[in-house]
Each structure stands twice: as C-alpha cells, then as structure tokens.
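Trainee: Residues 418 to 589 (this note's numbering) make up the sequence shown, in order.
Take these hints with a grain of salt, some might be off.
Unchecked claim - Straight-line distance between alpha carbons at most 25 Å, and here's what the computed SDA-like set of lysine to any residue pairs gives:
id, residue 1, residue 2
1, Lys468, Gly445
2, Lys458, His478
3, Lys462, Gly488
4, Lys462, Arg500
5, Lys583, His518
6, Lys468, Phe437
What the hints assert, rightly or not - Restraint-style ranges between C-beta atoms, simulated for each label pair:
id, residue 1, residue 2, range
7, Ala527, Cys564, 20 to 26 Å
8, Gly580, Thr532, 18 to 24 Å
9, Lys428, Asn494, 16 to 22 Å
10, Lys492, Thr446, 16 to 22 Å
These are computed hints drawn from the structure, not numbers from a lab.
Only a predicted model underlies this, so the values are computations on that prediction, with no experimental measurement involved.
Cβ coordinates follow ideal geometry from the N, Cα and C atoms, glycine included.
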Amino acid sequence: MGRIAEILHLKSIKRRTVLFLVNHVFVGTKCFEIKRRLLNKIGYKIGEGTKVVGPIECTGHLSVGKNCWIGKNLKINGNGSVRIGDNCDVAPEVTFQTGGHRIGSRDRRAGEGLTFHQTVGSGTWIGGRATVLNNTNIGSGCVIAGCACVIHDVDNNLLMGGGPAKIIRELD
Numbered sequence: 418m419g420r421i422a423e424i425l426h427l428k429s430i431k432r433r434t435v436l437f438l439v440n441h442v443f444v445g446t447k448c449f450e451i452k453r454r455l456l457n458k459i460g461y462k463i464g465e466g467t468k469v470v471g472p473i474e475c476t477g478h479l480s481v482g483k484n485c486w487i488g489k490n491l492k493i494n495g496n497g498s499v500r501i502g503d504n505c506d507v508a509p510e511v512t513f514q515t516g517g518h519r520i521g522s523r524d525r526r527a528g529e530g531l532t533f534h535q536t537v538g539s540g541t542w543i544g545g546r547a548t549v550l551n552n553t554n555i556g557s558g559c560v561i562a563g564c565a566c567v568i569h570d571v572d573n574n575l576l577m578g579g580g581p582a583k584i585i586r587e588l589d
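When you get a sec, could you build the whole thing from the sequences and use the hints?
Mentor: Encoded structure:
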C-alpha cells in the first residue's frame with residue numbers, strides 16, 4: 418500500500434507543478450507549445466496547433482482537438498469529462514460543470530452525486546462566461562452566446578443564447 422500512496426503522491430506533485438507552470442509562469446498568449454506539451458504530460462489531451470491561454474482549472478478529464486483556442490480562466494468542475502472537437506474557440510471564463518446532484522429530501526436538497534460527460538462538436542465557438550451543464554452534447558458549427566447556460570443537447574449549426582439557452586437562429 419505504501420508504494421501506491423507514494424506513486425499517487427508523486428503524480429499529484431507533478432500535476433500541481435505543471436498546472437502552476439501553465440497558470441502562473443507561462444500564462445497568457447505566449448509559449449503555447451510548451452503549455453500544450455505540459456498539459457499532455459499530466460493526462461489532458463490537447464491537439465496539435467491548439468492554443469491554451471491559461472489559467473485553467475480542471476478537476477475532471479479534458480480532451481481538446483486540433484487548432485483550437487482556449488481562452489483564459491477555463492473551468493471544468495467535477496469529476497466528469499469534457500471533449501472539445503477540432504477548430505473550436507472557447508472564450509474566457511467558460512465553465513463546464515461536470516458534476517452535480519439529484520434533488521434530495523427536505524433534510525438535504527443536494528442529494529446523490531452525479532458525474533456528467535460533455536462534448537463540443539468541431540468548429541463551434543463558445544462565448545465568454547457561458548456555462549455548460551448536465552450530460553450535454555453541443556453540435557458542430559454552433560455558436561453559444563456569451564453568458565448562455567446550456568442545459569440540453571444542441572443540434573449542429575445553431576446560434577444559442579440565454580439562460581437556459583434557446584435557439585436564436587439556424588446558421589448556414
């Protein structure tokens with residue numbers, strides 16, 4: 418048991434060190450390749466040509482395709498997963514909420530814990546401060562307006578906005 422604890426502790430130190438480097442040393446619009454490689458070394462999957470501005474906060478699993486832009490202060494809360502396709506743009510302060518709860522009894526309304534898995538199709542643009550909840554799939558070629566709250570699946574080529582997000586119009 419001691420060896421397993423030691424390995425887990427070393428992985429935790431490595432993860433915290435890499436996130437410190439990405440979030441404090443290499444933060445901003447420089448050193449994109451270094452940040453991409455560092456994030457890949459701690460288990461995130463960041464595709465070729467993807468630029469992560471940082472800082473990022475991620476307690477779950479993250480996979481980002483090729484040639485994406487990930488703005489500052491990306492947050493992935495919970496133990497679930499987020500998979501972002503190729504050629505996507507994620508503006509600053511976007512949050513993916515990959516954990517939640519069922520509604521519990523009156524004694525404690527946050528009931529049984531839930532884990533969510535979310536996907537973003539290729540070519541999609543998510544505006545600043547948007548939030549994605551539940552087991553949500555956002556289609557390809559979509560625009561999610563700033564501050565939108567996405568709670569349901571989104572078909573391809575739609576402009577969505579509001580809270581909860583609703584179709585504003587179809588895109589070509």
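Trainee: Broken hints, numbered, in rising order?
Mentor: none
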